Amino acid sequence: MKTTDSLYDTSHQFARHPSDFFYVSADGARLDGLITLTDFLRAQGKGVPPETPLALFMTKDPAMLAAMDTVLIASSSSFREHGYKVLPVVVDKASRRIVGIIRVRKLIARILAVVPPPTGLTNRPQMSG
Amino acid sequence: MRRMPKKRIVIIGGGFGGVKCARTLRARLRNGDAELVLFNKENHLVFSPLLADAVGSSLSLDDVIVPLRQLLPGVQCRTEEVRGIDLAASRLEFEGHDGLPRSLDYDHVVIACGNISNLNVVPGMADHAFPLKTVGDAAVLRTHILSQMEKAAVCDDPARRRWYLSFNVVGGGYSGVETAGEINDLVRSSLRFYSYIREDDVTVTLIHSRAELLPEISPQLREFARVKMEKAGVTMKLNARVQLATGEGVGLKDGFVPGGTIVCTIGSTIAPVVERLDSPKEKGRLLTGPDMRLQGRANAWALGDCACIINAHDGQPSPPTGQFAERQGRQCAENVVRVLAGEPTRPFSFKVLGQLCSIGGHSAVAEMLGFRLSGFFAWFTWRGVYLFKLPSWSRRVQVGFDWAWLLIFPRDLSCIKTDVTERVSHAHYVPGDYIIKQGEPPSRFYVIEHGEVEIVRTSPEKPDGEAIATLGPGNFFGEQSLINNRPRSASVRARTPLQVVVMGRNVFGTIAKSLAPLREILTAAITRRTAGTWQERPAVLAALRGFSLKEFIEQRRSRC
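Residue numbers (the working numbering), protein chains in the order written: chain W, 1 to 129; chain E, 1001 to 1560.
Because the hints were derived from the structure by calculation, they are not lab data.
This one's a predicted model, so the numbers in the text were calculated from it and none came from an experiment.
The reader is advised that the hints may include incorrect statements.
The calculated DSBU-like cross-link candidates involving lysine-lysine, where the alpha carbons are at most 30 Å apart (straight line), are [said to hold, decoys possible]: (1) K60(W) <-> K1550(E); (2) K1283(E) <-> K93(W); (3) K106(W) <-> K1550(E); (4) K1006(E) <-> K46(W); (5) K1041(E) <-> K1006(E); (6) K1437(E) <-> K1281(E); (7) K1133(E) <-> K1228(E); (8) K2(W) <-> K1550(E); (9) K85(W) <-> K1550(E); (10) K1253(E) <-> K1283(E); (11) K1237(E) <-> K1133(E); (12) K46(W) <-> K85(W); (13) K60(W) <-> K1513(E); (14) K85(W) <-> K2(W).
A short, non-exhaustive set of chain E residues, derived as facing chain W with CB atoms under 8 Å [to be verified]: (15) F1380; (16) G1474; (17) L1515; (18) A1543; (19) L1549; (20) F1552; (21) E1554; (22) Q1555.
In silico contact screen, one side only, chain W against chain E (beta carbon under 10 Å); selected entries [said to hold, decoys possible]: (23) M68; (24) A113; (25) V114.
Where is the CB? At the ideal position from N, CA and C, for every residue including glycine.
Produce the complete structure using the sequences and hints provided.
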């Protein structure tokens, strides 16, 4: 979506596409922000007028990964620390040219496949007394 | 007479045992015959039996320490941390002043590094309790107690006021009993200066897992101590094993004891340098021969709490007390001198002189040379004995004067803050630098601008530390200890070149209190970090390192 698209346009996009976020880019290539379903519902809840441009209620300068990054530790920290469910991936952080996204679910599924969680998290809690 | 070549004797540890050993060696060997080097992280000897008195303001903090350089003329005192000992090569490795590894060859080494505090014995204790092992611990605890009293004095909510004035001391050994007695004395004797606080607002609870306090002394004296302390206002929780500690108090098997202060006097573990040593051990303590030489070694000796030494007097392992450490230090030094002179060594043999314990309220219990004492006379004896055990005359006079002063005048209630002038600044670190070290008092809050850090926690199972989390740009650390006013529960080390914004305690406190969103973020972070650290444990980090980012990228579509 473009930064100049309105709240009304956003509602139509969410209605038409089964996605929980859209990239926002002024020129169609550089990542300027993300508009998530949460951002959209929050704006609706605050009574933002339908003609308000997306730039005013999107997530600006979101955390992102560069495609050349090979280490995933930073992404896992971001997922945990900020509660992100997706992280955009760009070619590099200077150009911010959008490549795609990674999802926390996919990452967790792979981690759990190779690392079992601590026993305390899988055992049934003991009742005291 | 032909002089022997100059020998280098290295002593690791500046406690009672190490200091006595160094002093005896210096007295027995001429400067030209031996070079003596003593490694101790602090530049002073801590007179640990008096730490409780320092907490209770019966003594000033300066009175319980003696500078090693003044105490040990003719001995090279070094404060670098010894990392390891290569017994085969007679070489020790230590961390230099610049953080780089260095080594030193020796002819004889005496290992006297004692024990270190280990609060991880009970869940939550490391995060919420105060240890009492160093003079820094005593200073932090004393300041905390006095600040709790100041808060209580202006608190309108009676329940909160009682919570501020509830002090839980865990452990019914010498240290626990003396600390509970001193805190009780300090708080109750100072109430006349706090008109808003009533006597029954104060609770000092001594929690002990056994049926009786002070297992080392006779049943009659134990009973005397219990009755006397209860009469002075200390609540006893005996047969009560602490299950967990939180910011609100301690959990027992059958209940919860609320309190704004938890002091943990239980839990100790061997020093990492001993843990790493390739030498036979008994429950972590170095096994020695009767003359205190490590088994199978001709020039390596061990004494004090870190050693398991059979006492030839009774055939039993020596207990980990200062009294034994001091005697072992002296005899170990004499045995080293005998070896240098080509004479046979002698086994360690010592008959216990007695036991002394202060229980507060100018009262003590003592067993000395077959006599049992209790009450004021025992307290006076306890003070006299410890006064003359202090290792220098200047300290004896100073401490004696302080004690005499406090018999007449009230205790010092000044609550000294050690914060330096604060500002918000930037700091840079190179990979491997420590920004925070576990156990040190909190003073700053950090926000990462560039780079990554790893959170490293040391435990008995992982003496070298375990990386439990990694944080990157936009993240912050240091908030937990500042908010809870507890020593740092983990170290923070730079993984990459790092730039951080540094905020002093008061600046952080002011912003965190006045800016509600920051307060919410901090609360959420603390909850998340204490509950979910498993997500970034080393196994997960290793798995993440094995994955390629490309495997996870969902390619961009025109509309997602």
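Now the hints, each set against the structure:
1. K60(W) <-> K1550(E): holds, 25 Å
2. K1283(E) <-> K93(W): Outside the cut-off at roughly 54 Å; violated.
3. K106(W) <-> K1550(E): Holds - the C-alpha atoms of K1550(E) and K106(W) are around 12 Å apart, at most 30 Å.
4. K1006(E) <-> K46(W): violated, 83 Å
5. K1041(E) <-> K1006(E): holds, 26 Å
6. K1437(E) <-> K1281(E): Roughly 29 Å between the alpha carbons, so the hint for K1437(E) and K1281(E) holds.
7. K1133(E) <-> K1228(E): Judged against 30 Å, a Cα distance of about 26 Å means the pair holds.
8. K2(W) <-> K1550(E): holds, 27 Å
9. K85(W) <-> K1550(E): Measuring from Cα to Cα gives roughly 18 Å; hence the hint holds.
10. K1253(E) <-> K1283(E): Holds - the C-alpha atoms of K1283(E) and K1253(E) are around 27 Å apart, at most 30 Å.
11. K1237(E) <-> K1133(E): holds, 23 Å
12. K46(W) <-> K85(W): holds, 23 Å
13. K60(W) <-> K1513(E): Roughly 27 Å separates the two Cα atoms, so the pair holds.
14. K85(W) <-> K2(W): The hint holds at about 22 Å.
15. F1380: violated, 48 Å
16. G1474: Hint on G1474(E): holds, closest Cβ of chain W at ~7 Å, below 8 Å.
17. L1515: With a minimum Cβ separation of about 18 Å from chain W (threshold 8 Å), the hint on L1515(E) is violated.
18. A1543: holds, 5 Å
19. L1549: Interface hint status for L1549(E): holds (6 Å vs cutoff 8 Å).
20. F1552: holds, 4 Å
21. E1554: holds, 5 Å
22. Q1555: Status holds, d = 5 Å.
23. M68: holds, 9 Å
24. A113: holds, 9 Å
25. V114: holds, 5 Å
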